[in-house]
Amino acid sequence: KNPVPGIMMVTVLVLAAFAWSGVWVTSDDRLRVPTWLEVLYFVGFGGVYLPCIQVLYSLAPKYLSTAEVGCLKVMECVYGPIWIWLFEEEVPPLTTFIGGSCIVVAV
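Its first residue numbered 8, the sequence shown is counted upward by one per residue in the working numbering.
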């Protein structure tokens, strides 16, 4: 059930994701104009990926137990460094792999 009548959850999630992707542009020490590839990342990640994930997380308890949904959310912190490794070519330190392994084993 929507906690605020008249406001669509999906619309708010999409707007929040676009706002979050704008932080990426200003996260450097200097303000700069993003390249077209970065704009494509913004649109893909902030406008497609994040809203889809949030909508699926909000619909998941209808089809899965709460414990399973909670485990999926915990696993998201393991997937984050993997996405960065794959798309940004930033190699995570060994401690990241050790921590991710501990989380996977615990889940």
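Derived by calculation from the structure, the hints in this document are not laboratory data. Everything numeric in this text was worked out from a predicted model, so none of it was measured. Ideal placement from N, C-alpha and C gives every residue a C-beta, glycine not left out. Warning: the hint list may mix true and false statements.
As the list claims (entries may be wrong) - Here are the computed distance ranges between Cβ atoms for each label pair: (1) 94 x 23: 20 to 26 Å; (2) 45 x 101: 27 to 33 Å; (3) 92 x 23: 23 to 29 Å; (4) 18 x 98: 36 to 42 Å; (5) 22 x 43: 32 to 38 Å.
Here is how each hint holds up against the structure:
{"no.": "1", "hint": "94 x 23: 20 to 26 Å", "result": "holds (21 Å)"}
{"no.": "2", "hint": "45 x 101: 27 to 33 Å", "result": "holds (29 Å)"}
{"no.": "3", "hint": "92 x 23: 23 to 29 Å", "result": "holds (25 Å)"}
{"no.": "4", "hint": "18 x 98: 36 to 42 Å", "result": "holds (37 Å)"}
{"no.": "5", "hint": "22 x 43: 32 to 38 Å", "result": "violated (23 Å)"}
The structure fails hint 5 only (numbered hints given earlier).
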